[in-house]
Each structure stands twice: as structure tokens, then as C-alpha cells.
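A.B. asks: Listed below are the residues making up each chain.
There are 2 protein chains.
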Amino acid sequence: MTDKGNNLDRWYDSYAERTSGLAASEVRALFAVASRPEVVSLAGGMPFVSALPRELIQGAIDRTMEQSGPVALQYGSGQGYPRLREHILEVMALEGIRASVDDIVVTTGSQHALELVAKIFLDPGDVVLAEAPSYVTALVVFKSFQAEVDHVETDEFGLIPESLREHIARLKVAGKRIKFLYTVPTFGNPSGITMTWERRLEVLEIARSNDILVLEDNPYGLLYFDGPPPHAMRSVEEDGVIYLGTFSKTLAPGFRVGWALAPHAIREKLILANEAAVLSPSSFTQMIISEYLSTADWRGQIDTFRGVYRERRDAMLQALGDYLPDLSWTVPNGGFYVWLKLPNNVDSKSMLPRAVTELVAYTPGNYMRLAFCYPTPDFIREGIRRLSTVINGEIELLSTFSQTAPLPIAKPQIGIASPPANLG
Amino acid sequence: MTDKGNNLDRWYDSYAERTSGLAASEVRALFAVASRPEVVSLAGGMPFVSALPRELIQGAIDRTMEQSGPVALQYGSGQGYPRLREHILEVMALEGIRASVDDIVVTTGSQHALELVAKIFLDPGDVVLAEAPSYVTALVVFKSFQAEVDHVETDEFGLIPESLREHIARLKVAGKRIKFLYTVPTFGNPSGITMTWERRLEVLEIARSNDILVLEDNPYGLLYFDGPPPHAMRSVEEDGVIYLGTFSKTLAPGFRVGWALAPHAIREKLILANEAAVLSPSSFTQMIISEYLSTADWRGQIDTFRGVYRERRDAMLQALGDYLPDLSWTVPNGGFYVWLKLPNNVDSKSMLPRAVTELVAYTPGNYMRLAFCYPTPDFIREGIRRLSTVINGEIELLSTFSQTAPLPIAKPQIGIASPPANLG
Chain E
1 MTDKGNNLDR
11 WYDSYAERTS
21 GLAASEVRAL
31 FAVASRPEVV
41 SLAGGMPFVS
51 ALPRELIQGA
61 IDRTMEQSGP
71 VALQYGSGQG
81 YPRLREHILE
91 VMALEGIRAS
101 VDDIVVTTGS
111 QHALELVAKI
121 FLDPGDVVLA
131 EAPSYVTALV
141 VFKSFQAEVD
151 HVETDEFGLI
161 PESLREHIAR
171 LKVAGKRIKF
181 LYTVPTFGNP
191 SGITMTWERR
201 LEVLEIARSN
211 DILVLEDNPY
221 GLLYFDGPPP
231 HAMRSVEEDG
241 VIYLGTFSKT
251 LAPGFRVGWA
261 LAPHAIREKL
271 ILANEAAVLS
281 PSSFTQMIIS
291 EYLSTADWRG
301 QIDTFRGVYR
311 ERRDAMLQAL
321 GDYLPDLSWT
331 VPNGGFYVWL
341 KLPNNVDSKS
351 MLPRAVTELV
361 AYTPGNYMRL
371 AFCYPTPDFI
381 REGIRRLSTV
391 INGEIELLST
401 FSQTAPLPIA
411 KPQIGIASPP
421 ANLG
Chain X
1 MTDKGNNLDR
11 WYDSYAERTS
21 GLAASEVRAL
31 FAVASRPEVV
41 SLAGGMPFVS
51 ALPRELIQGA
61 IDRTMEQSGP
71 VALQYGSGQG
81 YPRLREHILE
91 VMALEGIRAS
101 VDDIVVTTGS
111 QHALELVAKI
121 FLDPGDVVLA
131 EAPSYVTALV
141 VFKSFQAEVD
151 HVETDEFGLI
161 PESLREHIAR
171 LKVAGKRIKF
181 LYTVPTFGNP
191 SGITMTWERR
201 LEVLEIARSN
211 DILVLEDNPY
221 GLLYFDGPPP
231 HAMRSVEEDG
241 VIYLGTFSKT
251 LAPGFRVGWA
261 LAPHAIREKL
271 ILANEAAVLS
281 PSSFTQMIIS
291 EYLSTADWRG
301 QIDTFRGVYR
311 ERRDAMLQAL
321 GDYLPDLSWT
331 VPNGGFYVWL
341 KLPNNVDSKS
351 MLPRAVTELV
361 AYTPGNYMRL
371 AFCYPTPDFI
381 REGIRRLSTV
391 INGEIELLST
401 FSQTAPLPIA
411 KPQIGIASPP
421 ANLG
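These protein sequences, in sequence, are chains E and X.
Its first residue numbered 1, the first sequence is counted upward by one per residue in the numbering used here.
Its first residue numbered 1, the second sequence is counted upward by one per residue in the numbering used here.
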């Protein structure tokens with residue numbers, strides 16, 4: 001370490017190779033502006049925690065402090081609070097999962113489960129298969145461990161098995177090590193798409209026959225609007241699936257409590273990685289959640305959330321139909337996101353500053369992710385109205401400055417075919 | 001990934017190289033036994049949270065929920081809650097540190113700050129310099145990123161500058177990349193030793209002239225018994241030190257809130273790594289701590305802790321003098337640990353099961369770490385009595401079975417010279 005670094009950073013030459021994978025989000029600065037109250041943000045996936053029964057949560061906190069204060073304030077186990085792990089079994093049973101409390105590892109949100117899985121599996125140059133499009137911050141994690149992400153095509157039924165087979169075959173011929181397949185099969189982020197039951201079985205069969213582990217990330221599965229989605233992939237395959245869950249969407253992200261359910265031997269490595277990373281997840285927040293689940297009607301509370309988000313999804317779909325009738329978008333049966341297809345040549349990233357000027361924000365990409373979870377229905381409608389002004393302005397601008405005919409606009413449709421990999 | 005793994009773990013061949021560095025603690029199973037109430041544990045560094053003013057913490061929780069519930073339950077910033085970062089400045093000012101709130105990154109305990117620093121700096125084969133002995137779980141983190149740890153000798157005044165110079169010179173000749181020097185300069189874990197002010201300046205000068213970053217880990221600095229220790233190393237060197245602090249020892253580890261104070265450019269990388277790992281640290285626990293620091297006499301509370309731990313240290317030193325007068329140990333001026341030197345040939349690891357049978361536990365090593373933070377003075381005395389039975393029994397056993405004369409016992413002394421690197 002004899003190099004003095006550059007003028008701005010004395011330690012510039014000291015960083016690990018992997019750190020170059022940790023690039024700042026290009027739109028982070030803009031999102032700071034977008035957090036002003038007058039902006040309708042359709043960007044962040046923030047759950048509407050104001051719908052939580054405050055007095056029941058306060059009660060769980062009070063009883064935790066009263067009955068177990070010194071334990072809640074102390075270090076806990078690296079695997080997580082045993083009673084909470086029993087509750088987690090009850091939660092997962094709603095999606096058809098049967099498991100042992102011994103195979104659950106509680107983490108600091110399911111984001112940290114992603115980090116731990118990546119840490120124990122990924123060497124530089126390893127490949128992670130991921131559906132296109134994928135949850136962006138999962139991709140950041142995989143790349144931060146110097147893995148290559150290979151995107152598999154999807155349609156309105158989820159991952160396309162034939163495409164998965166082709167990608168695996170091509171990667172094997174190229175001598176690549178595929179470590180796992182990452183998917184959000186239910187109410188995907190950002191697409192809102194759900195993998196059908198038949199596709200789940202087929203994808204699991206492909207994974208099994210190719211010895212590829214499946215990383216099933218399921219933050220939204222219980223938040224369905226029009227009837228329950230297919231059971232979790234983990235419900236039919238125990239040994240080949242790591243399942244990730246979280247209380248961030250069904251309860252509150254401020255507690256930072258999620259979990260991984262993993263095959264026995266992998267679970268043991270995850271605990272060791274968890275202990276190295278944080279010693280133990282917060283006893284305090286784990287015990288509060290456990291107490292809440294013991295005493296409150298949490299299934300009823302999740303149903304309340306379903307009602308809130310269903311109304312907002314409907315408001316968004318209605319407004320899209322009213323204000324942007326020529327475009328197409330996905331119609332999610334749950335979760336937080338609608339995925340809007342933009343006309344060719346409209347660059348949603350370069351358009352974002354103008355959108356913020358018009359007091360509306362979204363997550364840019366070749367397509368555009370619109371989150372309906374946080375604003376009220378009225379604000380959603382107003383947000384889509386503002387958005388239509390920006391998009392239509394952009395389309396007009398492009399037609400004016402191009403020498404060609406007006407841009408072709410995609411026909412309205414439900415579902416999407418072969419969406420692009422990078423959602424920005 | 002065509003290998004099927006071994007019989008016990010189908011995914012055995014899939015783990016990353018670094019995962020082999022995450023070995024399970026050999027004594028973890030034994031510690032589970034040692035957690036029974038009849039065992040006096042001198043093993044774990046658990047703070048005595050029962051000394052906290054429960055009603056003041058409850059008040060901070062209630063006001064947080066009442067005034068800011070929806071914010072506390074929501075995702076927060078990847079850098080940490082701004083108001084808490086202001087409070088952290090006040091805490092660090094007690095150790096002579098002046099800094100900007102912009103350069104603080106709040107983490108999930110300071111353990112996670114260690115993990116993030118390791119993640120952004122360590123490539124396989126890089127070297128971390130660390131004092132001997134070092135905090136064991138820091139070494140686990142460094143090794144989990146495939147770094148080599150090179151132990152620098154210490155004496156009763158802390159790191160020995162001449163030894164540090166020699167190690168650096170030798171490593172440079174060998175073409176090694178030294179990424180940083182890790183030290184717990186105040187009330188070290190496990191040694192209880194504090195680096196003198198003169199040594200701090202000399203070590204900083206050596207680091208500066210060799211372009212080596214210093215990672216100053218300071219969980220115990222405010223818990224002094226006989227007058228304040230020297231100011232933090234960070235108080236004299238801004239650009240070459242990453243300073244780690246925590247609320248786990250001065251308040252409660254169950255909240256999992258610590259922090260890193262880092263030079264500007266490094267801080268930016270830490271935020272990105274923090275976002276990838278956990279999105280944001282818990283808003284809920286950060287805001288509760290912030291509210292507690294705003295309203296409670298937290299300086300007085302730390303003083304209460306000082307009194308509690310001083311009494312326990314005194315009880316341990318008294319009992320050691322009474323029951324093991326022929327051995328030697330360190331006399332810490334703060335923190336949680338006394339470090340007991342065992343007679344040659346006494347293996348504290350193989351002796352541990354017998355100690356647990358005698359209802360006393362400790363952290364084994366060539367030397368033995370005795371934590372006085374958690375048990376009451378009476379239990380400490382009883383624990384040392386039991387320990388003396390085990391140690392004296394072991395010494396007798398060794399004399400009986402060896403053909404030589406009785407083992408030489410080290411003379412009692414204050415401070416230690418060149419302690420061994422590995423504390424188990």
C-alpha cells in the first residue's frame with residue numbers, strides 16, 4: 001500500500017475489488033428532493049405503516065419491557081429468538097410451508113439475509129441467475145460479492161422455463177459456476193408479476209436436475225388482492241430452496257426483522273455469518289414482534305393491509321386508464337408495484353428531473369416501476385395525472401425533434417413479454 | 001456446479017472460499033450448558049442492563065411511538081437517523097473527538113461496522129495488523145473476507161511501536177498489502193490493557209508514515225474506574241483513523257446500534273455497503289436511543305455503570321488474590337475483562353468442561369479471559385473460588401503425571417509482556 005491515493009481520497013487504492021460494485025444510485029440525490037411533501041412519490045416501496053393498530057403495538061412493547069426487559073435489552077442468539085421462530089413457522093404455514101424452527105435464521109430485515117446468502121456462496125466470477133427484471137438492491141448485493149448476474153427472460157406467467165434451460169446450458173458450456181437462481185415469484189419487484197404454479201414446478205425441476213439452488217425471496221406473498229397466489233416454491237422443495245421472508249411489509253420495516261429458511265447445512269453457515277456480521281439480531285425488536293404475534297389478530301391486520309393496498313392498486317389502474325390510455329402496464333394481484341411500459345425512445349431516467357419538477361416521482365428503467373403502496377388513492381390519481389403530463393410532453397417533444405413520423409405507441413395489454421433486464 | 005456435494009450437505013461444493021473462514025466456535029456448545037443459572041459465567045461480555053433506569057427507557061419508547069410512530073416504524077436512511085448522529089457527536093466529545101455529523105454512519109451494533117469496513121477494504125490475501133491478543137470476533141470477520149491477520153506484540157502499555165515497525169517492514173519486504181491496523185486501545189478485549197497516550201501518538205505516527213489506516217474500536221472507553229483514560233486516537237488524527245463506537249456497553253446491546261466515524265470518502269463507501277447489507281439500520285431503536293439521550297441524564301447513567309463495574313472488578317481482583325495468589329493477572333482501569341495468566345502447560349481449553357462441572361465458565365485461551373461485567377460481586381467471588389479449585393486440581397494432576405518437578409508458577413505481576421496472539 002505505497003500508493004498515496006488520489007487527491008480526493010487518500011485511501012482510494014486501498015479499497016477491495018468488490019467495492020467498485022457498490023456504486024451510488026444515480027437517482028439517490030433526486031429522491032432526496034422527491035421526499036418533499038408536495039411531491040407524489042410513486043417511487044419507494046414504503047409500506048403504509050399508519051394502517052397499523054398503534055395501541056396493539058404499544059401494548060406489545062409495554063409487555064415486552066415489563067415481562068422481559070433485561071432479556072430484550074441484552075445480546076441474543078445469532079440464530080434469533082426461539083419463540084419468534086415458532087411464530088415465523090405459523091406465518092409461513094399460510095403459504096404452504098412446513099419446516100422446523102431449527103432451520104430458521106432471523107436476520108436484520110430480509111435484505112440482510114440476501115447479504116448473508118451472497119457472502120457464503122459467491123466467489124468472484126460466479127454466476128447468479130436472476131429473473132428479468134429483478135429487485136435492484138438484490139443485484140447490488142450479488143455484484144458487491146463480484147458475481148455476474150445473468151438475466152433470464154420472463155413473461156406474464158413468470159420465469160420462462162425454456163429460457164432458463166438455455167441460459168444454464170450456455171453458462172455450463174462457457175465453464176461458468178452457477179451458484180443460485182434468484183426470484184421473487186409472487187408479486188415481483190418491480191414487475192408485479194406472479195409465477196404460476198405450473199411454472200414453479202417446472203422451474204424447480206430444472207433447478208433440481210441441474211443442481212442449482214433456488215433463492216426464493218417472498219416479501220409480498222401475503223399481500224394479495226384477488227385471492228391467494230400459488231403456494232411458495234419452498235412448499236414443494238425443501239433441500240434445494242432458501243426461502244426469505246420479512247416482517248417489513250406485513251408489519252413494519254422500522255424493526256428490521258426478516259428471516260431465511262434454509263436447508264440444514266446452509267442454515268448453519270448462515271448463523272455463523274450472521275454472528276460475524278452483527279453478533280445477534282436485535283432482541284428488543286424480535287421480542288416485540290413475537291409478543292405482537294402472540295396477542296394481536298395479526299391475520300386480521302394483514303387483511304386490513306390487503307384492503308388498503310387493493311384500493312390503491314385500483315386507483316392506480318383507473319388513473320392509468322384515464323390519463324395514459326395508449327400505454328400498457330401490468331395488473332398485479334398483490335404486492336406494491338405496477339409496471340408501466342413506456343413508448344420506444346422515451347428515456348424514463350432522463351425524464352425524471354422533469355417529473356420531479358411536476359411534483360411526481362417514480363423508479364426509472366426501460367419500463368417504469370410505479371409503487372402504489374404509500375400514497376392515498378387521491379394522491380395516486382393526482383400523481384398519475386402529473387405523470388401523464390410529463391410522459392405526453394416527452395412524447396410530443398420526441399415527435400417534434402425527430403424527422404420521422406410520431407413514435408409508435410404500444411397497444412394496451414395485460415402482462416408483458418420478455419421485459420428488459422435492467423430496471424435501473 | 002456439477003459436483004453433488006457430500007452426503008451431509010448437498011451444497012458442500014457451492015460455498016464461497018471465504019466461508020471456510022467461518023468456523024463454528026469450538027466452545028459454543030459448552031457455553032449453552034454454561035448459561036444455566038447455577039453456573040457462574042465469567043465468560044460472556046454481557047453488560048449488566050438491569051442497572052438501567054427502566055422507567056426512563058420506557059419513557060423514551062413511549063414518546064417515540066407517540067410523537068413519531070409512523071417514522072419509527074418506517075425504513076430510514078442508510079447513513080442513520082440525523083438527530084441520533086448529533087447525539088453521537090456529544091458522546092464522542094467526551095473522548096476528545098471533534099467531527100461532523102456527515103461523517104458518522106450508524107450501524108447494527110459496532111460489530112456490523114467491523115463487517116462493513118472489512119467488506120470495503122479486504123481482498124483475499126490482504127493483511128490486517130492486529131494487537132495480540134485481539135477481540136476474537138473481529139478476527140473472525142477479517143478472516144471471513146480471506147485476509148491474513150498479523151499479530152503485533154503488546155505489553156502493559158499497549159502496542160509496542162518497535163514491534164509494529166518490524167512487522168510492517170517484514171510484510172512490505174514480503175510484498176504484502178497491509179490494509180489497516182486493528183486495535184482496541186482502551187480497556188482492551190480480552191486483555192483489559194490500555195494503550196498509553198505516548199504510545200498512541202507513536203503508533204499513529206508509524207501508521208501515517210507507512211500509509212496504513214488505523215481501525216480504532218472503542219466500545220469500553222467511557223467505562224473507566226480510576227479516572228478517564230487517554231483520549232481516543234481519532235482525537236488527534238482525522239484522515240487516517242476509522243473510529244468505531246457503540247451503545248451496547250453504555251446503554252443496551254438489545255437495540256443493536258453502533259457507529260463508524262470515517263474519513264469522508266470512506267464514509268461514502270460505508271453508507272453504500274450499509275444500504276446493500278440492511279437497507280437502513282432500525283429507525284425504531286435509533287429513535288428510542290436518540291429520545292433517551294435527549295431526555296435522560298445519560299452521563300449520570302454511565303457513571304452508575306462505572307460504579308457497578310468498578311465494584312465487580314474489585315471483587316474479582318480481591319478473590320484472585322485470595323484464591324489464586326501464585327498466578328498473575330492484569331489490573332484493568334475500566335471495561336469488562338481481567339486477563340489471567342495460567343501456569344505453563346495448563347490448557348484452559350481442555351480444562352473448560354471440568355470448570356463447567358464445577359459450575360464456573362470463562363473464555364479459554366493460553367491466557368484466560370475473565371469477564372466481571374455481568375455477575376454480582378458475591379457470585380464473582382464464588383466463581384473465582386470454583387475456578388481456583390479447577391486450576392489447582394489441574395496443576396496437581398499435571399505434577400502427579402509428569403515425572404518432573406512441580407510446574408513453575410509465574411510470579412504475581414501487574415501487566416503482561418508479549419501476550420500470545422490467539423485467545424481462542
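Hints should not be assumed to be uniformly reliable.
[What the hints assert, rightly or not] Residues from chain X that face chain E, not an exhaustive set, calculated with beta carbons under 10 Å:
1. Gly21
2. Asp239
3. Arg256
4. Ala276
5. Pro281
Hints in this document: simulated from the structure, not taken from any laboratory.
We put the beta carbon where it would ideally sit given N, CA and C, even for glycine.
A.B. asks: Let me know if the C-beta of alanine 276 of chain X comes in closer than 10 Å to any C-beta of chain E, holds or violated.
C.D. replies: holds, 5 Å
A.B. asks: Does the nearest C-beta of chain E fall within a distance shorter than 10 Å of the C-beta of proline 281 of chain X?
C.D. replies: OK, holds: proline 281 of chain X within 10 Å of chain E, min 7 Å.
A.B. asks: Quick check on arginine 256 of chain X please, does its C-beta sit within 10 Å of some C-beta on chain E?
C.D. replies: Arginine 256 of chain X check passes; min Cβ-Cβ to chain E is 4 Å, inside 10 Å.
A.B. asks: Next item in the hint list is aspartate 239 of chain X. Is there a CB on chain E closer than 10 Å to its CB?
C.D. replies: Because about 6 Å separates aspartate 239 of chain X from the closest Cβ in chain E, which is inside the 10 Å limit, the hint holds.
A.B. asks: A closest beta-carbon separation below 10 Å is what the hint needs, so does glycine 21 of chain X meet it against chain E?
C.D. replies: holds, 9 Å
Figure legend: structure checked against the earlier numbered hints; every hint is met.
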